[in-house]
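Participant: One-letter residues, chain by chain:
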Amino acid sequence: MDQLPVGINERIRHEAKVAGLRSKRKPSIEMVERRRMQLWLVVLVVMLGLGAAAVAVSMASGTAFWITGQPWILAAAAAALAIGFCLYAVEKEVHLHRLSRLLVDERVLNGAMAKRLEMNSALFNAGKALNSVLDLDEVLDAILANALVLLGGSSGSVMLLEDEEYLRVVAIRGSEIGRDTRVHVGESIAGRVVQAREPLLVTQEVIDRELSGHADRVSAPVSSMCVPLENRGQVLGVININCSDNQEFDTIDLQVLSLFAEPVAAAIAKAGLYEAERAHVAQLLDSERMKTQFVASVGHELRTPITSIRGAVAASRRDIGAEQRIELLEMIERQSGRLQTMVEEILASARVDEDAGKPVLRRVDLSALVRLAALDSSVAGRPVEVIVPTSCEVRADPEAMRRILGNLIENAHKYGAEPVRVTVQQADTHVVMSVVDQGRGVAPDDRERIFERFYRTDPNGIKPGMGLGLAIVRGLVESCGGTVWVEDAPGGGAAFRVSLRVRSNDELKEEASAQ
Amino acid sequence: MPSKPRVLVVDDEPDVLLTMRLILEAEGFTASLAADGETALRRIADEHPDVVLLDLMMPVLDGWFVLAELSQRVRRPYVVVCSAKTGDADRTRAQDLGADEYVTKPFDPEDLVALINTLLASARRPARI
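Same order as they appear, the protein sequences are chains R and L. No gaps in the numbering here: position 185 of the first sequence is 185 in our numbering, and each next residue is one more. Positions in the second sequence are counted from 1; adding 515 to them yields our numbering.
If a hint is listed, it holds; no wrong ones were tucked in.
Computed cross-link-like contacts, SDA-like style, restricted to lysine to any residue with a CA-CA straight-line distance of at most 20 Å: (1) LYS24/R to LYS92/R; (2) LYS291/R to PHE451/R; (3) LYS414/R to PRO574/L; (4) LYS414/R to ASP527/L; (5) LYS291/R to GLY602/L; (6) LYS414/R to VAL575/L; (7) LYS414/R to ASP551/L; (8) LYS414/R to LEU576/L; (9) LYS291/R to ASP605/L; (10) LYS115/R to GLY152/R.
Computed Cβ-Cβ distance ranges for the label pairs, DEER-style: (11) GLU553/L to THR292/R: 24 to 34 Å; (12) ALA541/L to GLU288/R: 44 to 54 Å; (13) GLU540/L to GLU399/R: 41 to 51 Å; (14) LEU576/L to THR292/R: 20 to 30 Å; (15) GLU330/R to ALA541/L: 11 to 21 Å; (16) ALA380/R to ALA636/L: 45 to 55 Å; (17) ALA541/L to GLU393/R: 56 to 66 Å; (18) ALA636/L to GLY492/R: 52 to 62 Å; (19) GLU553/L to GLY492/R: 23 to 33 Å; (20) ALA636/L to GLN340/R: 38 to 48 Å; (21) GLU330/R to ALA636/L: 30 to 40 Å; (22) GLU540/L to GLN340/R: 26 to 36 Å.
Keep in mind the hints are simulated off the structure, nothing from the lab. Where a beta carbon is used, it is the ideal one built from N, C-alpha and C, also for glycine.
Only chain R is shown next, with the shape it has when bound in the complex (with noise of 0.2 Å):
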């Protein structure tokens, strides 16, 4: 018996053979399937031609002498001839039908063989844009393209983990849905999947189980997979891709959506290390900056006094009247109290840094602090109008509260214009005092730096200061427990704002147990 080859173009092309095709060409289904046609159409016209010759030999019988003779001996040849013939028919339509499923497998194999090149070529793709490109928004809208035209999805979405708790949609494509959403850890699909680390077959039965009780979310795409990207042990979110209508994902699909989370996530890591070093040497470049303004404006800044106090020991040692050296002599005062304060700004930040110097929360009175505060503002020429309740308690530190006060008096009255207005304003849990100016303003992109240390709107340090000043008051205001920001004030100006919390976080809790 001849061995059948084992490849399957030689296996077909050998039933071809065996089935009577002789075509130069590989058959077709279609070919065979017209052969197989044509061979029962022979085997119908030989049997009704033998059938139909025995019934005109039975009739003849009668008349033809040479045939009546002897009867059986054409019976049994007919006979013999219609079975030989079935026989070679069947044989035949065995090799067709061997070779019309040799042919069926071929075609799935080509097509599985298709898919299998266009997933390389699309991992390849992918491998080849994750590499180029190094920015995480890139390489994530990169992944979800390359994803998409894998699977043949219609959306997508990228989910990392902001920390432990949390997973954020960080990129999405094919739909507008669910952009910035964020998920707990082990609640809904992804944040299981993020849990089990384990790829997800999203079916209607499964949405069903775990989107129970949610009937106000947003519906999901009935197919859809989740996948978890994993590097080096860790995991740094899922994927998950949707299928378009009419269509549905396979175990197959969820296969390869795995096997090409595995370089996504390894990019992922990678544009992360690289925003990491990017944002490092930012702020490398940063403090460097602020190190090279902090001397220049200190420097500026202690160089002035001294100046003025030189000057006026030279000055008295002159043959000058007596009321001039008392002039003097205040200067000399003056000026060295100006140099201690800034000793003490420069002192009082570095403690905010070491948060060395914690204040001691307990309740106090904001109303009345901002009443003494205006107070002394307007003896030391600076005016302040000021719009507080009766009064008002807030959790704070008495001494940090008088010194955020007077910083932000001075700021406005430095930075802004006048008339200056301190007001306090009462919520449920929270205290907001502001202090506004009628000045230009804070540029929205200084909002955020001007609370830097060393960070000066104005260059050129024509307004004396180190900009230490809000650095100062951010720092104290956070010991405090609380915010502080700047905005536009109603009407121009800026409106600088401190938040403050009214109780602890234990007053809370007693005051939830007493109801």
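With the hints as your guide, set chain L onto chain R.
Facilitator: Frame of chain R; chain L shown alone:
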């Protein structure tokens, strides 16, 4: 008897103005004061000082503007820049704009007086506009 040399002190810091006036007057100069660049240019035009002690960082018009304005003139006073800016770039820029001397704060008032006297004694160019 020759008239007293005139010195214009330009600085936005009142205490510097005050002490320099006391010292300069005690040394036999006629001192006038300006707290910004605009006033300085007006007083230079009105009073024709022999020497200008010029701060750089000032409101309204700064010292750079004053220097640039003076550099356009054929006859101008001696200019001594007195600044807290200590960088070489600032020094070079001031000299390019025609400053005769560059003194960094805090300066010794005695040295400054000596410098003014040296400048006035030099016959490099007419001191008067």
